[in-house]
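Trainee: Take a look at the letters that make up each chain.
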Amino acid sequence: MIIGIVYAFIVITVMGLLLGLGLALAAKKFAVKKNEIAEKIVAVLPGANCGGCGFPGCAGYADALSQKKAANGLCSPGGAATASAVAGILGIEDSGVGERMVAYVHCHGNHGISSLDYRYDGMEDCNAASLLFKGDNTCKYGCLHLGTCIEVCPVSAISRDGKGNVTVDAKTCIGCKKCVAVCPTKVIHMIPASGSHAIACNNHDAGGKVKKICSVGCIGCKICENKFPASGCKVVDFLSEIDYASPMSQIVDAAEACPVKCIVKH
Amino acid sequence: MAYLGIFITYIFVNNFILTQFLGLCPFFGVSKSSESAIGMGMAVTFVMGLASIATWLVYHYLLLPLDLAYMQTLAFILVIAALVQLVEMVIMKNSPALYQALGIYLPLITTNCAVLGIALINITQGYNLMESFCAGVAGGLGFTLAIVLMSNIRERLDLMPVRKVFKGVPIAFISGGLMALAFMSFDKALLTNLLG
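Going down the list, the sequences are from chains Y and C. Letter 188 of the first sequence, counting from 1, is numbered 188 in our numbering, and no numbers are missing. Letter 37 of the second sequence, counting from 1, is numbered 37 in our numbering, and no numbers are missing.
Think of the hints as simulated: they come from the structure by calculation, not from any bench. We put the CB at the ideal spot given by N, CA and C, even for glycine. One or more hints might be untrue.
Unchecked claim - Only some residues are given here: those of chain Y computed to face chain C with a beta carbon under 8 Å: (1) I5; (2) A8; (3) V11; (4) M15; (5) G16; (6) L19; (7) G22; (8) L23; (9) A24.
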């Protein structure tokens with residue numbers, strides 16, 4: 001009896017030891033040389049795997065960086081700190097990062113304010129609604145309010161405000177552009193985080209048409225552009241756009257003077 | 001004919017997931033998308049086939065002569081774990097493409113009960129080496145069939161208006177139960193009718 005137990009113990013132990021030894025030898029023999037630089041870079045990247053840099057996850061970006069196939073500073077969640085750390089590892093000059101870009105929903109028209117073509121009663125998904133006549137809004141440029149961008153946001157920076165508008169929290173936004181990609185009406189654009197104002201409209205139709213369907217839509221009246229040339233506003237295709245590179249010194253006055261009040265604080 | 005019988009038995013009649021309820025963990029864990037389900041199915045088939053051979057050899061050339069057949073469960077786990085690790089290393093070295101496809105799933109199934117299950121079943125059924133290998137591969141194919149069907153169902157379920165309490169895993173469990181019921185139509189009688 002005791003002999004049997006001891007026997008089994010020895011056999012299993014020896015077997016385990018042999019297998020372990022075999023594995024250790026095999027690990028040496030089949031060792032794959034890992035990219036050490038890429039591993040170091042992965043360690044300093046934020047690890048959000050957001051894909052905002054355009055590569056498949058942080059590991060993909062680190063790999064491309066180590067092979068000098070990607071530019072440094074593409075990681076928006078990491079920002080300047082990550083860029084300088086990566087520059088240190090790669091031994092290149094820290095060129096810094098550009099202005100931090102955040103997503104912004106260029107629409108403040110919602111179901112109380114702007115008109116509808118029909119009543120949508122389907123799946124809670126903007127892309128599903130968009131399949132039916134490009135959504136229930138009469139304005140085909142606006143936000144559909146079904147929250148597909150809220151679902152895809154990896155950091156939950158997008159929410160609905162009190163009025164039912166979809167807004168992006170500029171402090172939380174990591175600039176991964178996932179919401180920009182998923183939005184069927186392309187109403188979300190990237191703007192600089194430091195930009196003080198933004199145009200809350202995405203409609204390129206002529207003024208009269210916009211006025212009929214939405215009370216907060218840009219009618220392309222050019223008051224901002226003509227009366228406040230230093231505001232940075234420029235009307236292109238019946239829609240005002242802000243040039244964030246300009247000083248934007250008159251933007252507060254322009255926002256005041258806008259008849260539909262679609263130049264709003266960011 | 002015997003081999004055909006083994007294949008039909010382990011793919012349909014004794015399907016590992018839907019009739020023997022082995023390997024349920026990956027069945028619900030990795031069945032969210034059909035792409036990963038196929039990857040997992042391939043990895044399981046591969047490992048089950050290899051494990052069948054390795055454990056059969058260990059049992060008949062090590063445990064039986066030493067009169068230690070009662071240690072089979074422990075010994076099989078050891079062998080299977082070491083085997084999977086070794087296979088992972090070899091694949092990583094020799095075929096990065098295959099490693100990309102199977103790699104992340106291989107460590108998951110090191111100690112999966114379906115793999116240990118086929119090893120033990122092979123012994124109780126008294127299969128020879130070739131029959132064991134066939135049973136292993138067939139068991140893996142049955143696993144693949146079930147998990148791929150399940151992943152397709154779940155991809156569709158994601159688009160359905162499912163009540164909040166049932167959303168996700170609960171509805172997956174119910175679907176799995178209904179699938180198991182459907183698989184009850186493959187029984188011994190069917191096998192006898194098919195193969196005479």
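Trainee: Starting from the hint list further up, note which numbers the structure goes against and sort them upward.
Mentor: Hints 1 and 9 contradicted; others consistent.
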